[in-house]
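Residue strings, one per chain:
There are 2 protein chains.
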Amino acid sequence: MRKISESTVRRLSLYLRFLEQFDAQGHTTVSSAELARRGATTSAQVRKDLSFFGSFGKRGLGYSVPELTGRLREILGLKRTYRVVLVGAGRIGGALAQYPGFRQRGFHVAAIYDKDPRKIGSRWNGLVVRDVRHIASDLKKEPTDIAILVTPAEAAQEVADQLVQSGVKAILNFAPIRLAVPADVAVKSVNMALELETLSFALANR
Amino acid sequence: MRKISESTVRRLSLYLRFLEQFDAQGHTTVSSAELARRGATTSAQVRKDLSFFGSFGKRGLGYSVPELTGRLREILGLKRTYRVVLVGAGRIGGALAQYPGFRQRGFHVAAIYDKDPRKIGSRWNGLVVRDVRHIASDLKKEPTDIAILVTPAEAAQEVADQLVQSGVKAILNFAPIRLAVPADVAVKSVNMALELETLSFALANR
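Residue numbers (this note's numbering), protein chains in the order written: chain A, 3 to 208; chain B, 3 to 208.
Bear in mind the hints are in silico, worked out from the structure with no lab data behind them.
Just to be clear, a hint being listed does not mean it is correct.
Put simply, identical chains are the same to the list, so a pair is met inside one copy or across any two.
Unchecked claim - Taking lysine to any residue pairs in the SDA-like style, the calculated list, with each CA pair at most 25 Å apart, reads:
no., residue 1, residue 2
1, Lys171, Pro145
2, Lys190, Tyr101
3, Lys190, Ala97
4, Lys5, Gly28
5, Lys121, Asp163
6, Lys81, Glu144
7, Lys117, Arg93
8, Lys117, Leu129
9, Lys171, Gly41
10, Lys5, Phe24
11, Lys142, Asn193
12, Lys190, Gln106
13, Lys60, Asn127
14, Lys143, Ser33
15, Lys50, Glu197
16, Lys190, Arg208
17, Lys171, Asn193
18, Lys143, Thr43
19, Lys190, Thr31
Input sequences plus hints: build the corresponding full structure.
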């Protein structure tokens, strides 16, 4: 398959959300123009994004909502559920552990880890915070696809190394450092200050 | 100025972080190759990103760390502070209100709003949660640049309309809907499930 850019993947995620909304409204077909309008993009962009993955829709008839929904879920890897562990039981970690949008998409936060003895053993959203020193042995018994890393910067690389050695293949990283991982491990970094900087840039360059 | 893509702006934010790290380590100059290595990009990309904003650095000598730091802060609109209001005193809102990275960059969360009578009046990180019904009159007295919207989807557009009418020019939107705003208002949407979907895509398409 051709290398797909992250911006294409993000648009596919949005198209999936729009299709679910069209479905909820009782629509059975949708045109590239309608998808484009919702996503503030162009019909040509929608058709190009989808063309990476084969042929969809019929000229003049548009896309079948259930068919394209199913295909996008498949492309995005959403036809299965994922076991997710969260490392770092702080404020952001707590908010993420209870984020309803994850479970709806099949991402199940199954364990939370921390190194703070005052947090270990406490209950969080039905889960008991575990000691991060046990993470490698736990993951041997509980194979895990995705980890969410919400530790301070200083601790992040060491935890990431353990996660990778334990077979985790994807990390959502909130720690403000660039993680070094093998090429077959996907890392997506989220930095809230950086999001605000795209806005301060917009304000400064109007 | 040419239209700058969001991915360019994000790289500029990262370069600024790397420059601050180089500065903390006592470096006074840095090459495009060193910036590229930290950012997992190429020297050519670094030079291209910076070239949008004029001429920096000297061939063979690299960039002056303090000079490029100052210039990037200026480009990113970080030479001033921003008054920020947060709407939605839930879990994510609480985590964001206390996020240390915001204040470090000059983003000051100065007020928090909610519509829940049980939350209004309670103290959050030194701020008293205010009644969202007063937001328009408050913002008249307290001009505000940026709002962070963490309401449920149903409430988001109505609040956004009030924010825009009150002069807010930039919104960081965590509500899972696409906001309709005038062209001169910048909106950046953050969707945590979408971030995880870039990872499930990577896992499904290896």
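How the hints compare with the structure:
Proximity of Lys171 and Pro145 under a CA criterion of 25 Å is satisfied intra-copy only: 11 Å inside one chain copy versus 46 Å between copies. In this assembly of identical chains, Lys190 and Tyr101 lie within 25 Å of each other by CA distance both inside one copy and across copies; the values are 18 Å within and 19 Å between. Both within a single protomer and between protomers do Lys190 and Ala97 lie at most 25 Å apart by alpha-carbon distance, with minima of 18 Å and 20 Å respectively. In this homomeric assembly, Lys5 and Gly28 never come within 25 Å of each other (Cα to Cα): the closest approach is 35 Å inside a single copy and 39 Å across copies.
When the C-alpha separation of Lys121 and Asp163 is checked against a cutoff of 25 Å, the pair qualifies only within one copy, where the shortest distance is 23 Å, while the shortest distance between copies is 41 Å. Taking the shortest Cα distances, Lys81 and Glu144 sit within 25 Å of each other inside one copy (20 Å), while across copies they are farther apart (48 Å). Taking the shortest alpha-carbon separations for Lys117 and Arg93, both the intra-copy value of 15 Å and the inter-copy value of 22 Å come in at or below 25 Å. In this homomeric assembly, Lys117 and Leu129 come within 25 Å of each other (Cα to Cα) only inside a single copy, at 16 Å, whereas the closest approach across copies is 30 Å.
For a Cα distance limit of 25 Å, the shortest separation of Lys171 from Gly41 across copies, 21 Å, qualifies, whereas the shortest one inside one copy, 30 Å, does not. Taking the closest pair of Cα atoms, Lys5 and Phe24 never come within 25 Å of each other, the shortest separation being 29 Å inside a single copy and 33 Å across copies. Neither within a single protomer nor between protomers do Lys142 and Asn193 lie at most 25 Å apart by alpha-carbon distance, with minima of 30 Å and 31 Å respectively. For the identical chains of this complex, Lys190 and Gln106 are neighbours both inside a copy (20 Å) and across copies (23 Å), given an alpha-carbon limit of 25 Å.
Taking CA atoms no more than 25 Å apart as the test, Lys60 paired with Asn127 passes in neither setting, with 46 Å inside one copy and 55 Å between copies. In this homomeric assembly, Lys143 and Ser33 never come within 25 Å of each other (Cα to Cα): the closest approach is 47 Å inside a single copy and 46 Å across copies. In this homomeric assembly, Lys50 and Glu197 come within 25 Å of each other (Cα to Cα) only across copies, at 22 Å, whereas the closest approach inside a single copy is 27 Å. Proximity of Lys190 and Arg208 under a CA criterion of 25 Å is satisfied inter-copy only: 15 Å between copies versus 29 Å inside one chain copy.
In this assembly of identical chains, Lys171 and Asn193 lie within 25 Å of each other by CA distance both inside one copy and across copies; the values are 20 Å within and 21 Å between. For the identical chains of this complex, Lys143 and Thr43 are neighbours neither inside a copy (45 Å) nor across copies (37 Å), given an alpha-carbon limit of 25 Å. In this assembly of identical chains, the alpha carbons of Lys190 and Thr31 never lie at most 25 Å apart, being 33 Å within a copy and 29 Å across copies at closest.
Of the numbered hints stated above, those contradicted by the structure are hints 4, 10, 11, 13, 14, 18 and 19, listed in ascending order.
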